[in-house]
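Novice: Just so you know, the protein sequences line up as chains P and G, in that order. The first sequence begins at 1 in the working numbering and counts up by one. The second sequence begins at 1 in the working numbering and counts up by one.
I should point out that these hints are in silico values taken from the structure, not numbers from a laboratory. Worth double-checking, as some hints may not be accurate.
In silico BS3-like links for lysine-lysine, alpha-carbon gap of 27 Å or less [what the hints assert, rightly or not]:
(1) P/K201 to P/K119
(2) P/K149 to P/K162
(3) G/K147 to G/K202
(4) P/K162 to P/K15
(5) G/K164 to P/K197
(6) G/K164 to G/K147
(7) G/K239 to P/K15
(8) G/K239 to P/K149
(9) P/K201 to P/K15
(10) G/K147 to P/K201
Partner residues are not named here, just some residues of chain G that face chain P (Cβ under 8 Å, in silico) [claimed, not checked]:
(11) K202
(12) I206
(13) W313
Quick reminder that beta carbons are idealized off the backbone N, C-alpha and C, glycines included.
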Amino acid sequence: MTTVADRQVTVWQGKITPNIKVAGSGPPVVFLHGAAGLAWDEFLEALTAHHTVYAPEHPGTTVGDPDSINHLDNLWDLVLYYYEVFDALGLQSVPIIGHSFGGMMAAELAATNPARVSKLGLISPIGLWRDDTPIQNWMIITPATDLPKYLFYDPSGPAAQKVLGLPDDPQQLVEAQLHFHWSLACTGKFVWPIPDKGLKKRIHRIKAPTLLVWGKGDKLVPPVYAQEFASRIPGARVELVDHAGHMPSMEQPAYVAGLVREFLRG
Amino acid sequence: MGSVLARATNGMECAVIQLGSTLPASQPPQRVAEEYAMLDCISGGRLIAGMPLGSAMDVTMAYGVPPIEQRERYRESHDLILKAWTSKEIFAWNGKYFQLPMVNLWPRPIQQPHPPIWIPGTGSTSTFDFTVEHDYCYCFLSYFGNKSAARSVRDGYWGVVQQKGRDMNPYRMGFLQLVAVSETDARAETDYAKHIEYFYHKLLHIPVEWFGPPGHQDYRSLSNSLRNPAILQQFVTLKEKRFKDFANDQFVICGSPATVRDQLKEACEELRIGNLMVLLQIGSMPHELTLKNTDLFFREVAPALRPMWDDAWENHWWPTTLRQGQTSVSA
């Protein structure tokens with residue numbers, strides 16, 4: 001396994017020092033995680049074979065630093081904050097892959113300043129809304145009983161176990177629940193109560209070549225949203241993934257990593 | 001409702017407790033300052049101003065406030081209301097959530113500098129801190145009685161009171177207890193059992209995720225709640241309980257006047273409660289039965305509780321116009 005380093009840079013008037021997981025070698029790629037926080041997984045591991053992967057932890061979601069979130073009030077702050085993080089990492093124009101909430105952020109970054117995002121990979125992103133296909137509010141879905149059904153093609157499969165399984169040790173259980181809840185709180189700050197914060201007005205500004213990856217069995221953000229994104233981003237390509245729900249990079253890591261690697265190379 | 005009660009009780013020696021307007025869901029919040037001031041005027045200075053954070057279902061789900069912002073909005077609303085009540089001059093408010101060029105409150109409260117403030121809560125650590133720092137009365141809204149979880153809230157709250165160097169005046173704490181009184185213990189069960197079960201089985205049937213979506217509690221309160229899940233656990237097990245359990249565990253204090261008196265007195269002593277609130281209409285309880293319960297409670301039970309703390313403490317959280325040094329009992 002590749003060595004994964006924790007790197008910190010200080011930004012935002014010295015108020016936020018995010019943790020960024022960095023691994024691999026080769027041209028850089030940024031990965032923005034989903035609502036429940038960053039988990040270094042097989043998919044990211046696969047990308048490190050050809051790329052240096054930078055995976056920042058969303059403010060507030062780093063264990064031991066829950067208060068960073070208080071310095072960012074809204075989506076505009078968060079977008080500008082990310083450009084500062086990229087500056088600090090020396091990334092002028094970089095490919096960004098984002099999953100779910102991270103996908104929405106990647107799209108916002110590419111739309112706000114197209115010069116900063118060279119390629120855009122969106123894996124089951126949120127950010128658009130259709131009244132005929134409302135997106136369930138994931139923050140109030142009962143984690144133990146109902147969340148697996150929304151997130152996974154196979155709710156009892158190994159990927160679901162790995163992502164949602166809880167430790168037996170009571171102390172570790174509390175830490176895991178705390179991290180899960182607080183990560184949802186810190187990401188939810190920018191999308192509650194409806195995950196439509198105006199991307200539809202800005203999305204036409206995206207200039208980066210764009211790949212959309214969607215699980216065919218996504219019950220949280222149904223695949224109809226793939227077309228919703230594709231129709232608004234010039235030249236976007238859609239790849240639907242069999243046997244995958246809202247977490248295709250976790251249920252089909254090798255396949256999705258292959259798609260992304262090819263996209264980044266092409 | 002508050003204005004109707006304020007008018008209907010004119011001239012009576014009783015406070016009007018509005019527990020109250022949900023601060024983070026009130027836009028703009030000086031509206032609360034105005035309405036409370038108006039109630040204070042109508043009641044002749046008998047208002048107690050409740051300042052609830054609001055449930056997550058109310059503020060975040062029905063009104064759309066992001067859960068992580070609920071407390072911050074609450075604090076800003078509180079600060080604005082206090083400034084509106086106490087400023088003699090028009091002022092500009094440049095807040096994070098509210099920007100108001102000219103705050104110019106009218107009417108102004110009769111009670112000066114402002115009516116007593118009560119903070120209802122369900123056991124969050126940060127609400128203990130807020131209440132004690134501002135020297136307000138903390139009202140624990142327990143729907144699960146005065147035993148296990150209430151004891152941990154008691155320890156938490158009074159711990160903060162001591163730690164912040166305040167006195168141990170029992171009137172710093174209010175407590176909500178469900179109460180059902182009848183002629184005898186047996187009669188109480190016949191009268192009230194099905195209404196109490198209806199309340200707990202139907203009306204308090206809340207998914208835990210709705211009670212506290214992520215961010216509703218700040219990080220430290222969440223950490224404490226996860227380590228001490230007693231309050232949330234009670235929601236999960238409600239369906240398994242029957243009337244006997246609700247009565248035995250004193251979720252509801254139910255029985256003859258003597259039984260209710262003894263149990264309530266013990267509960268107030270155990271929790272160190274000066275301001276007791278009783279819920280006398282429970283679940284499907286019909287009007288006539290509610291009147292009976294109310295009548296028996298105030299005739300047979302309340303008089304024995306009123307003088308409980310009188311010899312040692314004064315209720316600084318009671319309207320100045322009404323202060324006789326008596327224990328408050330309200331419904």
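Novice: All the hints need checking, so say for each whether the structure fits it.
Specialist: Evaluation of the provided hints:
no., hint, in the structure
1, P/K201 to P/K119, "holds, 20 Å"
2, P/K149 to P/K162, "holds, 15 Å"
3, G/K147 to G/K202, "holds, 22 Å"
4, P/K162 to P/K15, "violated, 34 Å"
5, G/K164 to P/K197, "violated, 42 Å"
6, G/K164 to G/K147, "holds, 26 Å"
7, G/K239 to P/K15, "violated, 47 Å"
8, G/K239 to P/K149, "holds, 25 Å"
9, P/K201 to P/K15, "violated, 31 Å"
10, G/K147 to P/K201, "violated, 55 Å"
11, K202, "violated, 19 Å"
12, I206, "violated, 11 Å"
13, W313, "violated, 38 Å"
Violation of the numbered hints given earlier is confined to hints 4, 5, 7, 9, 10, 11, 12, 13; the remaining hints are satisfied by the structure.
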